[in-house]
Every structure is written in structure tokens, then in C-alpha cells.
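Chains as they are written, first to last, in our numbering: chain B, 1 to 735; chain S, 1001 to 1433.
Derived from the structure by calculation, the hints contain no laboratory data.
Check before you lean on any hint, since a few could be wrong.
[Unchecked claim] Some chain B residues near chain S, calculated using beta-carbon distances under 8 Å:
(1) His-434
(2) Val-454
(3) Pro-625
[What the hints assert, rightly or not] Okay, the calculated beta carbon distance ranges per label pair:
(4) Asp-674(B) x Leu-1017(S): 32 to 40 Å
(5) Gly-154(B) x Ala-1244(S): 30 to 38 Å
(6) Leu-1272(S) x His-433(B): 54 to 62 Å
(7) Val-1316(S) x Arg-4(B): 39 to 47 Å
The C-beta atom is built at its ideal place from N, Cα and C for all residues, glycine as well.
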Amino acid sequence: MRPRDAIVAGLRRVIRHHVAASTALYLLGVLAAALYPALARRTFVDENAFLVAQTTVGFDRRDARDASEHYRAAIDAARTSPGDVHRSDALRGWLEDELDALGMERYRQAFALDRHSWTRGDDDWGRRSDASSIDNATHGVNVHAVARAARGNGREGIVLATPIGAPGATLEADAAALALGLVVMRTIASAPWLAKDVAWLVADARWGPGDHGIAATDAWLREYHDPGSSTHHSAGHLTQHRRHRAQLSPSPLALFGRVGALQQAYVLELPEGAVADVASINVVGFNGALPNQDLLNVPVQLAKLAGFPRAGIFADSSRFSGTGGGDGDGGVKGGDLFDAVGAVVGGAPFAADLRRVAGFALALARGTPAGSHASFKSYAVDAVTVRMSGSRGVPTGGAHRRDGVSGEDAFLRLGTFAESAVRCSNNLLETLHHSMFYYVMVDDDRFLSIAEYVAPQGLMLASSLVTAIALAVIGTSTGGVASVFVAEKTRGKNGGKNGGKATPAATAPAHDWSSALALALLAHVAGWCVLLVATRTASTAAQLAAAYAGALATAAAALATWSNNVDGDEGSFDGDEGDGRVGARREPPWATLKVVALSVQVASLGALTFFNFALAVAVTAPLAPLQLWAHGGVGGAIKPWLRAALTLVAAPVLLVATSCAALGTDARACSLGDAAAAHVAWGERVHVLPLAWCVAWPGLVLAACVHLGGVRGWRRGASTREEEAPGGPEGKKRR
Amino acid sequence: MRSRDRGAVALAAAGVLARVLLAILGWTESASERLELASPVDALARIREGHALWGMGQSPYGGSALHAPPLYLALVGPLVANAPAGLVASVPFIVADLVVAVAIHRVATASTRTSRARGSDAADASPTSPAWVVAMFLANPFSIASCAAASSAGFRAAALAVAVAGAVEGTPVVAGAGCAALAYLGDPTCAALTVPSLARAMAREGGFGEEGTGKKGKGKGRAGGGARSAFVHLCAWIVGWIVALVGVSQAVMSNARAAPMDWIRATYGFRLVAEDLSPNLGCFWYFFTEMFDNFRVFFLFAFDYFPVALCVPVVVRLGWDEPLFCVFVARLLCVVFSPYPTLGDASGYLALLPLFRAQLAGAGGLGYLVAAGYVASALLSPIMWRLWIVDRVANANFFFATTLAWMATQSALCVLCVERVVANSRLAKKKSE
Chain B
1 MRPRDAIVAG
11 LRRVIRHHVA
21 ASTALYLLGV
31 LAAALYPALA
41 RRTFVDENAF
51 LVAQTTVGFD
61 RRDARDASEH
71 YRAAIDAART
81 SPGDVHRSDA
91 LRGWLEDELD
101 ALGMERYRQA
111 FALDRHSWTR
121 GDDDWGRRSD
131 ASSIDNATHG
141 VNVHAVARAA
151 RGNGREGIVL
161 ATPIGAPGAT
171 LEADAAALAL
181 GLVVMRTIAS
191 APWLAKDVAW
201 LVADARWGPG
211 DHGIAATDAW
221 LREYHDPGSS
231 THHSAGHLTQ
241 HRRHRAQLSP
251 SPLALFGRVG
261 ALQQAYVLEL
271 PEGAVADVAS
281 INVVGFNGAL
291 PNQDLLNVPV
301 QLAKLAGFPR
311 AGIFADSSRF
321 SGTGGGDGDG
331 GVKGGDLFDA
341 VGAVVGGAPF
351 AADLRRVAGF
361 ALALARGTPA
371 GSHASFKSYA
381 VDAVTVRMSG
391 SRGVPTGGAH
401 RRDGVSGEDA
411 FLRLGTFAES
421 AVRCSNNLLE
431 TLHHSMFYYV
441 MVDDDRFLSI
451 AEYVAPQGLM
461 LASSLVTAIA
471 LAVIGTSTGG
481 VASVFVAEKT
491 RGKNGGKNGG
501 KATPAATAPA
511 HDWSSALALA
521 LLAHVAGWCV
531 LLVATRTAST
541 AAQLAAAYAG
551 ALATAAAALA
561 TWSNNVDGDE
571 GSFDGDEGDG
581 RVGARREPPW
591 ATLKVVALSV
601 QVASLGALTF
611 FNFALAVAVT
621 APLAPLQLWA
631 HGGVGGAIKP
641 WLRAALTLVA
651 APVLLVATSC
661 AALGTDARAC
671 SLGDAAAAHV
681 AWGERVHVLP
691 LAWCVAWPGL
701 VLAACVHLGG
711 VRGWRRGAST
721 REEEAPGGPE
731 GKKRR
Chain S
1001 MRSRDRGAVA
1011 LAAAGVLARV
1021 LLAILGWTES
1031 ASERLELASP
1041 VDALARIREG
1051 HALWGMGQSP
1061 YGGSALHAPP
1071 LYLALVGPLV
1081 ANAPAGLVAS
1091 VPFIVADLVV
1101 AVAIHRVATA
1111 STRTSRARGS
1121 DAADASPTSP
1131 AWVVAMFLAN
1141 PFSIASCAAA
1151 SSAGFRAAAL
1161 AVAVAGAVEG
1171 TPVVAGAGCA
1181 ALAYLGDPTC
1191 AALTVPSLAR
1201 AMAREGGFGE
1211 EGTGKKGKGK
1221 GRAGGGARSA
1231 FVHLCAWIVG
1241 WIVALVGVSQ
1251 AVMSNARAAP
1261 MDWIRATYGF
1271 RLVAEDLSPN
1281 LGCFWYFFTE
1291 MFDNFRVFFL
1301 FAFDYFPVAL
1311 CVPVVVRLGW
1321 DEPLFCVFVA
1331 RLLCVVFSPY
1341 PTLGDASGYL
1351 ALLPLFRAQL
1361 AGAGGLGYLV
1371 AAGYVASALL
1381 SPIMWRLWIV
1391 DRVANANFFF
1401 ATTLAWMATQ
1411 SALCVLCVER
1421 VVANSRLAKK
1431 KSE
């Protein structure tokens, strides 16, 4: 047998045994996901031009001492400012004076607050602890300074960002960030190696979702790439702000300094002030967007070279592993599950790796960033947030730690790291390689590239695709694909010598595609309407009501459509076999609907895989078996309408409960209303809610409709048709 | 109106409404920037550039911007001169799609009539209702998007549909006009490849040259005579129309001091030698970017030769029995091997596909695979483009993979259709013997 024939025969065999093949593929996908840690590779820096550890650092102890003095001066300036001036405004004023004294270019940008989307309500994000004037504020203020490269051409630039004023941040934390940035910029500006301009952005982190100044960084980047856009408003309540803006920046085009095309950005956060024990790297952007992996590996190495005892993406043990008992920032706490897998496969280390993979993937799937590097990534600028703090579990006492590295020593570490990072990017001549953007971190020095991590998703989607193709090509008949092909081939050769009589098993299936497509469209339009309800009301009850109303409407439409063909025309034959043409065996409508539902699922989740792999896997894993399990067969232990009800009610509840158990959160706290409110607060940029209502829910509804395909046969007491009806054999196989 | 046609009418109306809504909502500008919908030969920016040059009294073909024929520029240029283009700018494109709809409705009606006249031969093969044929074109997302993007693909589809409609109605003047318009709009190869089939259809379906009984195997001599006569008449009308179009075009261009060879070279030479290698849905751009210059001429010949080489055997085998199907295959092959294809071009030949429902009987399951290929390719194209150009996390190979998938899908459709039609034709012939 030729290789081609063997491949074709193998494919036909897979199609013929599609139930077993789909099940095997799905289980293989789950198994591959469980084996992720075993597939991990060591991290490496792909771009040699970073010259990590091959350069000397100019930031020395004298600079650290200067930083320490600036730190104290900033605190004094903030404490002696008038009472009606907000703390961060006082710090900004002090900073501008210092920059002027150093003779550095500095710019101030007043950006509008879109209160509708960024500050929903009056008590979100803990703003009430600040001065009351903040609640009435209509603009934020960014300040940025520029260090020009004497030997550069000004075409490329690097950004160093330090958000200040974040909710919960202490005065000491903001002052330390400003002092560090000030001295680092002074050092960089006078460095002989500087070939690219460097911008230092002091982002106003008082507003916006999250605590990282994302709204401010967004506004700065908008202004950078589209002058005037960040100060453009449509809401009437911002009129007063326009007056402020006119005073602050009468000519935005002239007062906004630029540094060419932005290449990389480093966001430095010092939540505990001048403390430098742990350098926690954050790379997760909006909807799981990641920077080039070099932007992760290089800071890790630089931090270790600068003397940080712990540095890396998992350096803050509470962030992903959930073992630190911390604040649960995306942590996965389903210890039992991972321990059980680890016990089977590779013991406790394997379980720990698996837990970290799950935590990282969960952070990607959530789609909400935890650092203003995400704003840069939205403009295709590779960026990373480095959060420097003290060791966990050690009481810090604000910025003045009694143990660990603090004060001047801490500034030395911080300054060394910051200068090294800028210098690494300064050395780059080319763009970073495109193959380093897709990865899942297993540990600080191990990762999975797309070649490894995409396999489970591919297998799970393939399981759905195999069933869809099988139902489309051979239908629900037992003859299988081989009989169809062979019969057609034989007919073609014989040319009707036998009168062209076609046997039922040898006929091609005929589908009523228009009805199935219309039902699928209806389900998805209904899902989109639920999303509209969610974003308008942010109410759990309203969302559930809209969702189930849409589901009932779709189910009713399906039953109404199918009842038009109620006279048992399933399995009937189109065409006149007598003329020798290929006859067509009419497939039951639920089978066609199942093909369409599976196809839509494969297409939409396959497309999502390119953008947010983790979210795509998280949706595919539960949705694929539910859709594969759906069938319109009659009889059996569970009646069709009960199967449909279970699909629509029990499956989502079970899924939420399982997810909450894995995440270690209270299921009662998982409110759809909160999810909708968060979706709006993030400017509707996060994919989770649209995916849930416009892809996952319609998929469930269609699966339920497929189950309802058996209602008619059940009502007619069609147990006698069990063996003959097209749904019977497949139903039996599934059961 | 039959009850089954009500749904078709509603679908067709929804398709037209979608076109109008997209134009009103201002999607023309963003859609015309998509490389899947607009090519260098009909991008709005290029038409605007040409129109502006023309308005200044300069030759619009002086630079390398414009590659549309003069009459197209004269018709569309003033409407799209100012951005953003509104509803008025979309009117010619909506009208072109409606012309396609009317033409294929007439073709479907004539095919149904012919099938009935032929009696039992195709009684089994209930042809698609003309209303559904029209609805499937007007509701085709590709044609809607192409119309929203103000792509000239709609005009080419209209020209082909008019040519086919003229052929099945036995009017060489209309068929010749459609064929000449197709050639004038930039696809002379396709126009040439369809002429024999159109002539045969004119004789067989349209009753031109005292044939038209539809009885196969009888009076082949008379049929051959009818086809020859139809061929001569059709060619004469095509030449006449082309001369008229060229003459009017030159007259229109006279005030811009554009020599005839200027716009002929810019319009047709540009396509022939594939000067612009910016990425699109075709395979030329990547192939010729990677290729050493020494081989460029040879492979240009090979690529331009492919449609002819593949189409002629189909015409020889099926041209007598299924002339309209040969027109469909010719158009499909020309789009596959076009240097600047768009989704609108695909919608042009897909408009004819429902006419062959009877001939394609038995391919339903495999048709799903082809349809899935079209959807997947159309979905992957913007994704890969974004990954490559916007997010910079991919390279040109990713997008080229999409174009290969697009080409493979169209090729699969071609192979599948030809295989089914040949098989069914053979079976029918055996039975009649």
C-alpha cells in the first residue's frame, strides 16, 4: 500500500470511528496538559545584543547616597506642603523643581479622566482614603523627563516608568520611586554609552482600575502616538477640566517631549519604599498579551546580578502558587488536585510545577493586567513591570525596615538594576525575534514554548473537528465513510450497469444547513444581547434572565423548525436513485446543528488560541465534551429534555463550583454582576465576559438544542425506531 | 410566491440592507483598508489619488498609484473623492451587486426552464430555486464585505453574470457586453476562456442558431453549427464592445493628456507582470518576493499559463454538456491564479455555484469541508495579519500559510466540483444509452 493510500485509509478509519477517536483525542489533550512540567525547557536570552553582565555599571554608592537624600527631601516636601494639596501633587511639584535644577527636559501632561469608564461609582478602588478633592477631579497629571543621547539620532527611545499615588501606596513608597528615578536619570543622561533617548514617566496612578497607574500610562501613550487625543472629551461634565487643561498645557503639541519610536519600557514599582530583597517580574498584559521573553529573562538576570536574593516571575510566592498565604493575586490553591497528579506522575516538585503553570495560565486567562507595562504592550512596545519589595512574612514597618536591605544599600541595588536594564535595551540594534512571544512559565528558569503548550488545545479542538467532519461527511449512518466513498467510486466505474440502485448505507448525507445556521445565529445573537445587558446593568439577575430567555427562545425555535419536518423524514432519500445519480440520505436536524455548533466552537476557540491561549483552553476544556456528548438520540437512561436541562443548568453551576474550588475562592462570591462591573471598569478591553456570553453560552445552548432533537422521537414512543433512526446508533455509542 | 421562496426573499433583503447599513455606518473606509477586500487595482486611496491627479489636469496614470481603467475611474472617482466615503459612494457597488442578482436570477430561471424542457434527464435534480440563488449571493458575507469596501470585484462579478445571462437568453449583444466589460475591468484572460463556453451556452440554452431543443445526443451537426454561429456572433460583439470601451476611455482621458498605452499598461500590464508585491490573498506576492530575478519571467509565464492549461481540458470534456459550469470553472481558476485576488472575486464565482446543485449532487458532505476551508481561511487571514504586522509576534510565513490555505480551498472546490460533474455526467450518459 502506498503511503498516500495508507494515510487516506487511516483518516477514513478515524472518521468512521469518530466517537472513539474524539474521546481519545480529548483525553490525550487533558493528559498532555497534565504533563506540561515534563515538557518544560530552560530559559535563555535569545538576543545576544543585550550584553547582559558584559558591561560596567555607573550607578555607585555615591549615587545611592544622593538617592537617599532625595528620598528624605521628597518626604519633607510632601509633609510640608499645604493641606489642600494632594500628596502626589506635592511630590510632583518637588520633582519638577529638582528636574529643573538638574537642567533636564521635563514635561507635564494633564489627561482627562473618563469617569464613566475609569471611575465607576464613587467608592471603587479605594479612592475615598485620599483627599476629598480627588473625587471631584476631572484630570490626572503625568510628568515625564527626557535624557537625550548625545550620540543618538533620536529615532528610538526607551521608557522608564514609576507610577506614584497608587491607592495603598505610602508616601515613603512614592518618594523612594521618585528619588531612584531622579538619580538614575541623572546618571544615564551623563553616560557616554547612551545611544537612545530615554524617557522617565512619572505616571499619576490615582485613577483607573487596578492599582498600577494603567489609566495614566494609557493616556500618556495615547498622547505620545496621537497628539491631542488624551485630552479630547465628549462628556459635558469635563468642561471645567478643559479650563484646567488650557492653563496646564496651552499647546500640547509643543510641550510634550518625545523620544522616537518606543522600543522597550521598564516599569518600576517600590510598594515598600527603599527596600530591595525581592524583584518580582510581571509580564501579563491585557488578555494574556506577553512581551518578548527576553524582556522577562533579562530583568531576572540583571536583578540577580544587582544582588537581589530572589528575582523572577514566581519570586513573590503568593502570586501564582498560592502557598504564601498572601493576597491571592491570581493564585491557584487547588492543592489536592495538583498533589494527586504529582503523586501519580512526579511527586511534590511536579505538583508544584503544575500549580505554577496553572497559576500563570490563570493570570493570562483573566486578561486583567497587574502593571502598567500592559499599556505599552497595547502599542506593541515590549514592557515589563518589576516590583521590588521586601521578603514576605517579615514585618516591614513601612519603608524603614529593620532587617533585609534598605536605605542606601537598597538604592544601590535598585539603581544598579535600573541602569543595567536601560543599558541592555540601549545596546539593541534590531527588533526582538518574533518567535519569543508565546510562552508559559513553569518556573523562573523553565518555560513552555508554543510548540509544547499548544498541543492540548490542538488535541481538544481536533476531537470536536473529527466529530463535526464525520457527521457532515458520513452522517449518523452506520455505513461509515468507507461505504460512501467505495459506493460512489463503484457507481462511477460501473456507470449504472446495475441500474444505479443505491443502497441506504451507500448514500451521501444531505443536511439542512440553512436551519442549523439560522439556529446558531440566533443563539449567538441572543448571547450578544446578554452581553449588552451585562454591560448596561451589571446585574447578576438581569444577566441570568436574559441568558435563559435567549436559551428558551433558541430551543423553541429549534423545536418549531424541526416540527415542520415531523413526519419521519429522517433517513429518507433525496434524489432519484434510479438514474444512477448519487442519492442523498437526509440527516436528522440535530446532527446538522451539532456539526454547525462544533464548527463554530472550533473556529472561534481556535482563533482565540492565537491571542489568549490560556483562556481558549479554559473554555475549550469544559465546552468540548459537553458539545460532543450532545446527541439527539432517543431512549436511554436520561430523557432528552432532561439532558438539555442538565446542559443548561447543571453544567454551568458545576463548572463555576469546580473553578472556585480550584482557585480557592468562595463560589458565592463569584457574581456575574461583579464580573460585568469589572468588565466595564477595564474599558471593555478584557475578553472574558464577551467570550463567556458570545461563545461559551451559545455553545451550551446549541448543545442543549441538539439534545432536544430526541424529544420528538421520545414523545412518539420511538423506542422501536431506536435501531433504525439515524440518531439511534450514535446515541447508543455515546451512551 | 412559493412559501419556500419567502425565506429567500427575506435573506436577500437582509443582504441588501446590510450593504446599506454598512455604508451608512461608515465602514467603507476601514473595510477598504483590508487587504482581503481591496487590492492595488481598486483600493480607494489609489482611486482618490488618480481622481485628484485627473482633476488637476494631469495623467492619473503618470505615477504608479492607479491601476483601474479610465471609465471605472470616471464613474467611481468623483463619488469617493472625499473621505470618508458615504452612502452615495457605495451606490454603484450596491447597484453592481443588484445587477449580479438580477442576472443570475435570469440564468437560474432559464436553467430551470431548460431542465423542464429536457424532460426526465434531470428531473431528479431539482435545481435550486432562482430566489435562493439570488439570496445566497446577496447574503454571502464575502460579497457584502466586498461591497462595503467599494471593491471593483462587484463590477467584475456583474460583468460575468451579465455575460452568462446574455448567453442563456441567446442574446450575443448582451453576452458580448458582459464579456467585454470583464476584459475591460482587468481580466481579459478570464473573458477569453469563457467565450467558447458562452457560445455553447448561447446555442444550447438560448436557442441561438436554430438549436435549443436541449436534447443531447441528437442533431449534433446542427448543434455544432449553432455553436459556431454563436461563437462568431459573440466574438464580433465582444470586439465591437471592446473597441467602443477603448474609444470612450481614450476620449475621457484626452483632457488629462494620457496616451492610450499609459492606461493600458497601468491597467493590464500591471496585472500581467505583477509589479506590486504587497501581501494579499494570492500566492504571487510571496513567491515573487522570494524568487531570484532570473526566474521571474519564466514563473510569470507559468502562473499566467496555469488557468489556461487547467481550463482547456475542462472545456473540452464538459463544454458540450455543461457550458455554464465551464464558465464557473474558468472564473474560479482565473481568481486562484490572479496576482491580486480579493474575497469579492471569490463571491463572484460563488454566485454561480448554486446553479449547479443538480450536477453536484452527492458532494454534500465533502462540501462541508470546502465551506469550512473558506471560513477558516477568511478567519485566519486578519488574525495572521495582525500577528505579523500589528503585534509583531509572527512573520510573513504565517500570513503566507493563510494564502496557501485559501488557494488550497479554492483548488479543492474546483477539483470536487469537476469530479462530481464528470461523474454525474458519465452516469447520465450511460443511462441514456
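Hints, verified against the model:
A hinted interface residue such as His-434(B) counts as satisfied when its beta carbon comes closer than 8 Å to some beta carbon of chain S; here the least separation is about 5 Å, so the hint holds. Look at Val-454(B): its Cβ only gets to about 14 Å from chain S, farther than 8 Å, so that hint breaks. About 21 Å separates the beta-carbon of Pro-625(B) from the nearest beta-carbon of chain S, more than 8 Å, and the hint is not met. For Asp-674(B) paired with Leu-1017(S), a C-beta distance near 38 Å keeps the hint of 32 to 40 Å intact.
Taking 30 to 38 Å as the suggested C-beta distance range, the pair Gly-154(B) and Ala-1244(S) does not conform, at roughly 58 Å. Our hint of 54 to 62 Å for Leu-1272(S) and His-433(B) is violated, since their Cβ atoms are close to 38 Å apart. For the pair Val-1316(S) and Arg-4(B), the beta carbons lie near 28 Å from each other, so the given range of 39 to 47 Å is not met.
When each numbered hint is compared with the structure, violations occur for hints 2, 3, 5, 6, 7.
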